[in-house]
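Fit chain B to the supplied structure of chain A, relying on the hints for placement.
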Amino acid sequence: MLEKIQNSNDVPEYDFIFFDCPPSFSILSYSVLSCCNLVLIPINPDFFAAKGLDLLISSLRIRIEPFPLPKIGVFMNKAKKPGGNSTKRYSNETQRYLDDAADVLERVSKKYDLDVRLFDTAILDRVGMKRAIQEGIPSESRSQFQELGNEIYTYLSE
Amino acid sequence: MDSELLNRLRLIEEKLDLLVKGIEDLRAQNAARTQSRKRKEKLPAPTAEEIAKNREQFSNLYQRWLEGKELEVHNELDGIEIEQLRRLADANNLNVTARMPKRRILELISARFREKRQLHKPPIERS
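Protein chains in written order, with the working numbering: chain A, 1 to 158; chain B, 159 to 285.
Using C-beta positions, here's what the derived DEER-type ranges look like:
(1) B:I240 / A:S34: 49 to 57 Å
(2) A:E135 / B:A256: 35 to 43 Å
(3) A:F19 / B:K211: 43 to 51 Å
(4) B:T255 / A:P138: 24 to 32 Å
(5) A:V127 / B:R262: 24 to 32 Å
Pairs of lysine to any residue residues, derived as SDA-like cross-links and limited to a Cα-Cα distance of at most 20 Å, are as follows:
(6) B:K279 / B:E225
(7) B:K279 / A:F47
(8) A:K51 / B:R275
(9) A:K81 / A:D99
(10) B:K279 / A:D99
(11) A:K88 / B:R213
(12) A:K51 / B:R272
(13) A:K80 / B:T255
(14) A:K110 / A:L69
(15) A:K78 / B:L252
(16) B:K279 / A:S109
(17) B:K274 / A:R107
(18) B:K274 / A:Q95
For the record, the hints were derived by calculation from the structure and aren't laboratory data. Glycine included, each C-beta is placed from N, C-alpha and C at the ideal position.
Chain A extracted, bound-state conformation (with noise of 0.2 Å):
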């Protein structure tokens, strides 16, 4: 797939690709995964999200293996804001599930020797980005998509 990328006259010269890959395994996200330089997960604010990356990064080893494992990335999406007066930067169940993703992924960096991240940037759920496609981002989340943009630069440039 790089090959083709690289050798063919039509394709024009990106800073960056992303490719919108499944959740599930196929013939696709195999090429992607064995030649990309980041795999960015996105991860909801549940107990099922962070539990489930173990299983992920462990499956996605497997499978790309022989092949270098490239750099892993994790974020978190649709995290709340604490209500009332309450000063803490996310709500009390975004903040939870932040800290087990943190802890999770510290477990299973030192037992497959991995170099993943969690990025200290979450990007707030919002209901405008539901109508983002017809009516463009919602400006309070422009500057999230920046800082968290800026975090994932920073971590491919180490």
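Then chain B, alone, in the frame of chain A:
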């Protein structure tokens, strides 16, 4: 006749005194209760140091719970004063409210312990 009337009046006066004293006592008790409730509401927000201490305590309790000392951990949590228990739960990102009873907070903590245990279970290895 007059002395009997006077005696009765004195008795009524004593009873009235008792009633007035009782009402005053009740008022004082209510005022004290309201005062303590107000004081409870105005507890300062937990400091970063206190949050770290509560998290460490929660982690220690979880480790002991995981080792099979469930009853010991439950009794220890049950012995903690409710406001402190709320702070312990809140520092560990559990959804507790100011009016939540102790039993419910204990249930939340137990559920979190079980969830953490599930999270640390390794996935089934495929052959």
